[in-house]
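Protein sequence lines, in the order shown, are assigned to chains A and B. Each residue of the first sequence is one higher than the last, beginning at 1 in the numbering used here. Each residue of the second sequence is one higher than the last, beginning at 1001 in the numbering used here.
Note that these hints are calculated values from the structure, not bench results. Treat the hints with care, since some could be wrong.
For each label pair, taking beta carbons as the anchor points, the in silico distance ranges come out as [to be verified]:
#: 1; chain 1: B; residue 1: Leu1099; chain 2: A; residue 2: Arg88; range: 31 to 39 Å
#: 2; chain 1: A; residue 1: Glu48; chain 2: B; residue 2: Met1107; range: 16 to 24 Å
#: 3; chain 1: B; residue 1: Ser1094; chain 2: A; residue 2: Gln37; range: 54 to 62 Å
#: 4; chain 1: A; residue 1: Ser87; chain 2: B; residue 2: Gly1048; range: 53 to 61 Å
#: 5; chain 1: B; residue 1: Gly1048; chain 2: A; residue 2: Glu48; range: 53 to 61 Å
#: 6; chain 1: A; residue 1: Gln37; chain 2: B; residue 2: Met1107; range: 35 to 43 Å
DMTMM-like mimics (lysine to aspartate or glutamate), calculated; alpha carbons at most 20 Å apart, straight line [unchecked claim]:
#: 7; chain 1: B; residue 1: Lys1080; chain 2: A; residue 2: Asp26
#: 8; chain 1: B; residue 1: Lys1071; chain 2: A; residue 2: Glu643
#: 9; chain 1: A; residue 1: Lys159; chain 2: A; residue 2: Glu266
#: 10; chain 1: A; residue 1: Lys242; chain 2: A; residue 2: Glu227
#: 11; chain 1: B; residue 1: Lys1071; chain 2: A; residue 2: Glu280
#: 12; chain 1: A; residue 1: Lys741; chain 2: A; residue 2: Glu266
#: 13; chain 1: A; residue 1: Lys653; chain 2: A; residue 2: Asp582
#: 14; chain 1: A; residue 1: Lys733; chain 2: A; residue 2: Glu280
#: 15; chain 1: A; residue 1: Lys658; chain 2: A; residue 2: Glu591
#: 16; chain 1: A; residue 1: Lys296; chain 2: A; residue 2: Glu280
#: 17; chain 1: A; residue 1: Lys661; chain 2: A; residue 2: Glu744
#: 18; chain 1: A; residue 1: Lys733; chain 2: A; residue 2: Glu591
#: 19; chain 1: B; residue 1: Lys1071; chain 2: A; residue 2: Glu544
#: 20; chain 1: A; residue 1: Lys376; chain 2: A; residue 2: Glu38
#: 21; chain 1: B; residue 1: Lys1080; chain 2: A; residue 2: Glu643
We treat Cβ as the ideally placed atom computed from N, Cα and C, and that holds for glycine.
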Amino acid sequence: MASLKALLNDFWALFHRDRIDQEVADELRFHIELRIQESIAAGMSPEEARRNAIERFGGFERVRETCREIRGAALLEAFAQDARYGSRMLLKGRVVTLAAVLTLGLGVGATTAIFSVVNTVLLRPLPYRDPDRLVWITQSLPRFKTRIVTGADFLEWAKHHEVFECAAAFSSRNFNLTGVDTPERLSAGLVSAEFFPMLGVQPLLGRAFFPEEDRPGRNNVVLLSYELWRRRFGGDKSAVGKAVTVDDERYTVIGVLPQGFHIFGEYDVWVPLALDPVTEFRRQRMSIVWAVARLKPGATMEQARAQVSTIAKRTEQQYPQGYQGVQVIMLPLHERLVGNLRLSLLALFGAGGFVLLIACANVANLLLGRGLARAKEIAIRAALGAGRLRLVRQFLTESILLGVLGGTTGLLLATWGMHSLAALIPSSLPGAQEVKIDHSVLVFALLLSLATGVFFGLAPALATTKVDLGSTLKDGGEPPVLRLGPFHFRKLLVIGELALTLVLLIGAGLMVRSFVRLREVNPGFRPQNVLSMAIELPHSRYPELARQAAFFREVLHRVQTLPGVQSAATTSQLPMAQGMGDQALFSIEGEPPWRPEEGAQRLVSQLVVSSDYFRTMGIPLVKGNCFTDRDMQENSGKVLINESVAQRFFPGKDPLGKRLKLGFPEGPEPWLRIVGVVGDVRLQTLEDEAGPAIYLSYPEVGDLGSARLVVRGAVDPRGLAIAVATEVRSVDKNQPVYDMKTMEERLEASVAPRRFKTLLLGIFATMALLLAGVGIYGVMSYSVAQRTREIGVRMALGANSSDVLRTVVGEAGVLVVLGIALGLAGAIGLTHLLAGLLYGLRATDPTTFIALSLLLSGVALLASYFPARKAAAVDPVVALRQN
Amino acid sequence: MAATKPELLQGTLDMMILKALTAGPLHGYAVLRRIQQLSADVLQVEEGSLYPALHRMERRGWIESEWGPSKNNRRARFYKLTRAGRRQLEVETSSWATLSTAISKVMQTT
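The following block holds chain B by itself, in its conformation from the complex:
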């Protein structure tokens, strides 16, 4: 299983949620789909950890939530990036860039 669908690195879930929300407010399921979509179905977010992560991030003030109608007109909780969230995304993006470059370098060494 791990061969085809790599597990998410610890701490990257938050970053990807933030990224997924840059385009606009989404409900939880849509966040899931968007991450899947953006990663071309490579990354599979574990559904059980998505919601605790969303709620934790809201508590930290990175995202806000609001109840609203979904596409099929049902009540859903929509999450939206806050200004603090955007800043956080920038921080995480740049540190991710540094980290991934570093990891690639390590892995390319033979």
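Just chain A, same shape as in the assembly:
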């Protein structure tokens, strides 16, 4: 209590120094005057009485000072004094201060900006009720090298209320909003009725799904996203209860979701998933879903995983072909949503931290240099009775002041850079779209500033306050403190700084080289001048294949005759677009059918394309022929294979004329004759190798309902966009065209996240390199300045300028070699953490290691060359006369 009161008193006192002073003086004066009065009353003369009183009191000023110190803010007062003194010193050395503040600002800014993203993505809990209990469940089927949860699996799991409070399934598809002026493509989230209550998400308007609406045939109800509601309904509350036509079916709007609600991506509308347990359990229909569950209070994830594994093992016995070796994977939902972002973010955060450390080393160096220059001042203060602790405190106050200034600058820089960092965050992460400075970021920046202040200030404070009083104060004596301690310390700082820089450079270098490698990858098609878009025909209006085919024939016919169009085609799957596409097992005539041991080996991507697809996309025909227009009209019995299929399944043989079929040899599908071999195309991303793929001209299973249109223009095809969309609408005015992008844009988009991370890391590494250069320049300049006389002597004794140059650069060289050795060791130890982010090279890629070591040596030696040249230009006569 008393100490709290004392602290409060301190605070009060801090702002009432004059008043305290006055009161103490009044009190003491009152005492003396009373004494005088008494003495006079006892018969002394006034003169005598006054002298006597003052004498008895003994050292009025000293007592007054002591009392004031006790009454005043003992702790805060000293701090305030240090701070005032510190600010004066900082103002005096304006250039140094500015350099230090900017350097720290860069470091703190980089770290804080990345921290704000880390905070948003990794630290902040999901915006749902009790988010820690939400788990994501899936199972890996090694046979198919994939992770799949079927509707039946989910329904089975959801029954287990002993571990799950509830479970919900999620899926997604696209809808056409029709019956309006401009038909629009809508993305829909399909969820079971438990989904919203499980997350604890309440619709902004209306209600969520009733359980009875989650059944086939009863599910024509829809929840709108806030954004769609604003855009299409003008934010009108009466939208709830209205009917909308989606894929030519009528749905009733039952509610609007809160603003910014999204999960697993952004969806325009939400409808009930309506799994049919009968067909799912018979496995007549297999819906693929994502499963999310809420653990029961008290149930652990281990228990839940064991429970689900037991069920999966049962399914394995029932369906050994598909489920052999099934593994249940259960993750906290947060972890699933964050995904592999964690690694990149931590890598960037680490890089930011490195920049900050390097910045600290530089500032410590600056302060050391200044501390040495202030040795005389320190010595005087020490002689006047300031204890070492007091001096250290003074220095620390100064550096903390610098740290806070730097931190403020950094925070400003971070605010400025933060918006662009939002690009790091994928849209699948709910509630994370806005990166902002909340109080955890502020607290982080503050603590960081204070910590940096102590970190870079402590060493110089300790080093420079260890002053040899005698020699420093001797007038005109030796330059103060030639003891080597601090200077060695500065060298150590530079070595550490070089090492950190090298680690960062190598990390960034690996990322840059990965990026370059990736851009050099041949995607298998020529993306230039190709426009692509998606068209999804609703089943209600295009129930049969023939009508779908007729629609696309008509569209292609019209588009091909547009001026500026070279060719146009359709495909069921577009490279570099979202979606897995169709994969199927196939059999080759005369060869044994697929056996379970083959697993996913015989799984091929299966694309349905129109005749001009290969010409339009620029995919080379390696052998044989392409499809003709006639092949699209009926089942031609022709198939094209890609080179992967040719190499894997027809090694050393000519595949042309051979026959294959989808599914098993005895299956109902017809045999297809291989008429041509085309080049491999990377379908998913640039990073994923092209796998085996076959091309059909006519769908063997499924239909043409979902197709992508590709158009090759003579020039930049973006100008064709409107014309193409108009042609589509003139065939069917209710048919929207969506996701219109050039293939170059798709390629760009597929590497954009990597580009951004690489760029950031590159910026950090460049900052580090500059700081390291400045650091070594500072130390070598100091070293040269200190040794002017020694250099003068050596030159007088016959050394020439190039000797001196060599000596100084050589001295820097030793630091560089040590720093690089340490940095290489650090890089070998650390870069393997980056392995998951690299492409096409190993984390210990020797070229990168060597090239960047050379770059760093070059920069460091250049930085030391300038001080060296100055040293070489020393005039021995002048130097020797100095002092």
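Use these hints to put chain B onto chain A, whose structure you have.
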């Protein structure tokens, strides 16, 4: 000088100030006079150390101060015992008793 007016033992000044204040609030000079009076003029408090001691004790929460009019109607700072101060006085009194008995015993031994 030390023969007639013994110097105060270290640490006893606080105790005597507390004791002097038991009768009621006093200003610094009055504290001085009271100690002198109570010790029948034997103890002489060094005036220079009185005020730092008062201020230190106030910071520790043993006494409180307030400005008020003195007898001759001048503004003076009056000190008053707090509850913590009374407790402190009890502690010091009992430990002083123990100490002085012990010292007397030592001194009486021949």
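These are the hints, each one checked on the structure:
no., hint, in the structure
1, B:Leu1099 / A:Arg88: 31 to 39 Å, "violated, 50 Å"
2, A:Glu48 / B:Met1107: 16 to 24 Å, "violated, 41 Å"
3, B:Ser1094 / A:Gln37: 54 to 62 Å, "violated, 39 Å"
4, A:Ser87 / B:Gly1048: 53 to 61 Å, "violated, 35 Å"
5, B:Gly1048 / A:Glu48: 53 to 61 Å, "violated, 20 Å"
6, A:Gln37 / B:Met1107: 35 to 43 Å, "holds, 41 Å"
7, B:Lys1080 / A:Asp26, "holds, 19 Å"
8, B:Lys1071 / A:Glu643, "violated, 113 Å"
9, A:Lys159 / A:Glu266, "violated, 29 Å"
10, A:Lys242 / A:Glu227, "holds, 17 Å"
11, B:Lys1071 / A:Glu280, "violated, 101 Å"
12, A:Lys741 / A:Glu266, "holds, 19 Å"
13, A:Lys653 / A:Asp582, "violated, 27 Å"
14, A:Lys733 / A:Glu280, "violated, 37 Å"
15, A:Lys658 / A:Glu591, "holds, 11 Å"
16, A:Lys296 / A:Glu280, "violated, 26 Å"
17, A:Lys661 / A:Glu744, "violated, 34 Å"
18, A:Lys733 / A:Glu591, "violated, 49 Å"
19, B:Lys1071 / A:Glu544, "violated, 114 Å"
20, A:Lys376 / A:Glu38, "violated, 51 Å"
21, B:Lys1080 / A:Glu643, "violated, 100 Å"
Violation of the numbered hints given earlier is confined to hints 1, 2, 3, 4, 5, 8, 9, 11, 13, 14, 16, 17, 18, 19, 20, 21; the remaining hints are satisfied by the structure.
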